[in-house]
Amino acid sequence: MDEKQRRTVLILEDDRPLTKAVCDALLERGFDSIVATTVLDGIKRLEDSKRSIDVVWLDHYLLGDGNGIDFATKMKSDPRWKNIPIFVVSNTASAVNVRAYLELGILNFYTKSDHDIAKIIGDIEHSLAEVSYA
Amino acid sequence: MEEVPLEIGRRVLRTGGTPRGGQRLLFVAPIVLLVGSLLVAWIEYRFPEIVALAPWTTWTMLVIAVVSATIVILMIVYTLPSYIHFAKEGEEAIVATAAGKERYVNALVGSGLGFWEYDVTSGEAFYSAHMMAMLGYTDRNKFDQMVFWYNSVHPDDAEGVKRAMEYYLDGRTPEYAIEYRLRRANGEYLWVMDTGKATRDREGKPIKLSGVTEDISSIKRVQDVLSSRTNELEAAQEKIEEEVQNVRKFQKAVDSSTEAVSITKPDGSIIYVNPAWTSLNGYGATEAMGRNSRMLKSIETRPEIFEALWEKISAKLSYHTEDIVNRRKDGTTYLAELSIYPITEGTETLFYVSVCQDISLRKEIDRAKTEFVSLASHQLRTPLSAIRWYSEMLLSKYVGELNEKQRQYMKEIYAGNLRMVELVNALLNVSRLDLGTFAIEPETVNLVEICESVLSELTPQITEKNQTVERIFAQAPSVYIADPKLLRIIFQNLLSNSVKYTQQGGAIAIEIGVRQNSLSIRVTDNGYGIPKSQHAKIFQKLFRADNVRQKDTEGTGLGMYIVKAIVESSGGQISFESEENHGTTFHISLPRSGMVKKEGAKGLS
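So the sequences go chain by chain: A and B. With the first sequence counted from 1, adding 1 to any position gets you the numbering used here. With the second sequence counted from 1, adding 23 to any position gets you the numbering used here.
Because the hints were derived from the structure by calculation, they are not lab data. Don't take each hint at face value.
Below 30 Å or equal to it, Euclidean Cα-Cα: the simulated DSSO-like pairs (lysine-lysine) are [what the hints assert, rightly or not]:
#	chain 1	residue 1	chain 2	residue 2
1	B	Lys488	B	Lys335
2	B	Lys231	B	Lys220
3	B	Lys243	A	Lys21
4	A	Lys120	B	Lys420
5	B	Lys320	B	Lys428
6	B	Lys508	A	Lys77
7	B	Lys165	B	Lys275
8	B	Lys587	A	Lys21
9	B	Lys621	B	Lys392
10	B	Lys420	A	Lys21
11	A	Lys120	B	Lys434
12	A	Lys120	B	Lys231
13	B	Lys320	B	Lys335
Given these sequences and hints, build the entire structure.
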């Protein structure tokens, strides 16, 4: 895949083995990954202008203060990031939280253990393709 | 005391005696007359010349005759008065005896007694007219044999009667009196009592036995009634004593029960509380007496609980709830498990017995356990995700080609993990249902579409097992108000069970329709069925029937529990018919109006 076309995914995930799996799988499918484990860390990565973030892979529970909703809220309230698609991939989000995420305008919500990683990445690719064609 | 006339007669005859001189008169008077006559004849013979002396002879003869006559007359005069007296007394005796006899006869007739007399030696018998009438024969005296009487004695009594008579006649018993049954002319039996007395000869040997027979049927009847009443009373007394014992036992049991027991009148006023009740609610027993049990009512109890309670107990049915909150005297509250049992007599309710206990702690523990299961299940999802994703990546050749065996093993790991994910999801659903934290979010749905999507997911298995699926959707409502996720869980469990537990080439039918103003979903198969002995357990958590456990190791044993909980919390009902090796039909009915929205933290997945 052409280097220019490589997309970057910001992964916010607190579990190390899962993070590694996601990174590897994304890499395999032509994505670069940046990993953060806290809300603060995640914001820093977004602000880091060296790489533009194309997609956010967001877990609900994160290390440190705040959770996925806080992070999504911050992103959606900042004009720089509000159009970056967010995919929430979590095992813990309740119906109330899912609704909150959807109201914030995230693209999709996945229960980790219920979905193959290939399916989620496929959806991400699909959504990015739609954006670029649009 | 007045002397009995017969006795008067006897005494008179005894004391009267034969008049003295009477016999002498009869004997001596002819002799005197004969001696006189012979003397005259002898004088004429000895002294023939005397005849010649006629005047003298005549005088002599005359003198002799006069002397003889005088002697006789004197004797008669001397004897006659005593005879007259004797005759008079005899007459008196006869009159007295007759009067006595008349009195006895009158007494006998008036008393209604039958009189009889047996000649013990000849066996001849006399039965009075009254006796015959008593036995239903012609009202006339009868001379017959003893056998006539003996043959009429009831067979069961014959031996006793015979013995009583023998003993009396032998002198072994001082009197003859016996009660027995005697057959009347019409074949009916009459209870009678015989009393009699024997006439004996000088040696004491019985000659006659005479006596009376009394009809004691009515007395017997009264006796029978009295005796049965006595028996009844005795039984009643025993019963009362037993009841008193029972009351003591039950009182002790209730007093020492650890559950709070109270008894109220139909208006709710308290008439009894046990010690557990007083310590639970903080009111003393005397303090509680007469007060209305409403004093325990707390506003924390949902009003529909009281509505349901009154509806049940007004219909004289018992009521059980675990959702009532009671308020103690000090104002604190507790969650109570309450059972109310109406005590009725006929159509009237006499009392309500309430049994209650504080289940706050139990509920807390239940909740903690369920929350633990929920939390643990959740925690399991992260490592399960790791296994899923890494095995998926190994299988997808990201990191190079696996050999055939490795690939096969990896597939097993992946499949095993999927089963684990399914189990964890089911456990989470169960804990959400148990905790009541699940949400129902109704929207307009197309039932057939949801069902078809579940069927299409199952198509690989259906095709593999070469099963047929009949769809009966003609009566299906075009729209329905329900939570699509919950409906999906219902269809998914019912249909996947049918596919899993039906043999190769089997038939499955799914029907959606409206019956009796309810939405009806019916899934039928001709599969393995559920053993009869396990029907009662089919909706229990983690239960799997023996016959399918052998055939299919997969399955969580939670599906039907979840389906039932969803159906019931949506106001519906679930039932089934099943026969082992013949198949199963599950029938679900849901309110035609649809599901009602329920707020909750978690949806079911």
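Checklist entry - Within a Cα-Cα threshold of 30 Å, do Lys488 of chain B and Lys335 of chain B meet the stated pairing? => result Outside the cut-off at roughly 50 Å; violated.
Item to check | Given hint Lys428 of chain B paired with Lys320 of chain B - CA-CA distance at most 30 Å | outcome: Roughly 69 Å between the alpha carbons, so the hint for Lys320 of chain B and Lys428 of chain B is violated.
Item to check | Restraint status (C-alpha distance of Lys621 of chain B to Lys392 of chain B at most 30 Å) | outcome: Holds, at roughly 23 Å.
Next on the checklist: Hint check: Lys420 of chain B vs Lys21 of chain A, CA-CA at most 30 Å. Holds or violated?
Outcome noted: This hinted pair holds, its Cα atoms lying about 17 Å apart.
Checklist entry - When you check the alpha-carbon spacing of Lys120 of chain A and Lys420 of chain B, does it fall within 30 Å? => result holds (15 Å)
Item to check | Hinted pair Lys165 of chain B and Lys275 of chain B, Cα distance within 30 Å | outcome: Given pair Lys165 of chain B, Lys275 of chain B is violated - Cα atoms ~74 Å apart, limit 30 Å.
Next on the checklist: Just to be careful, I want the Cα atoms of Lys231 of chain B and Lys220 of chain B compared with a cutoff of 30 Å; is the pair within it?
Outcome noted: holds (8 Å)
Checklist entry - Going straight from one Cα to the other, do Lys508 of chain B and Lys77 of chain A come out at no more than 30 Å? => result Answer holds: Lys508 of chain B to Lys77 of chain A is near 29 Å, not above 30 Å.
Next on the checklist: Check the hint pairing Lys120 of chain A with Lys434 of chain B against an upper bound of 30 Å on the C-alpha distance.
Outcome noted: Answer holds: Lys120 of chain A to Lys434 of chain B is near 17 Å, not above 30 Å.
Item to check | Straight-line alpha-carbon gap Lys587 of chain B to Lys21 of chain A, limit 30 Å | outcome: Answer violated: Lys587 of chain B to Lys21 of chain A is near 41 Å, above 30 Å.
Checklist entry - Are the Cα positions of Lys243 of chain B and Lys21 of chain A separated by 30 Å at most? => result violated (108 Å)
Item to check | Restraint status (C-alpha distance of Lys320 of chain B to Lys335 of chain B at most 30 Å) | outcome: Holds, at roughly 18 Å.
Hint violations for this structure: numbers 1, 3, 5, 7, 8, 12, all remaining hints satisfied.
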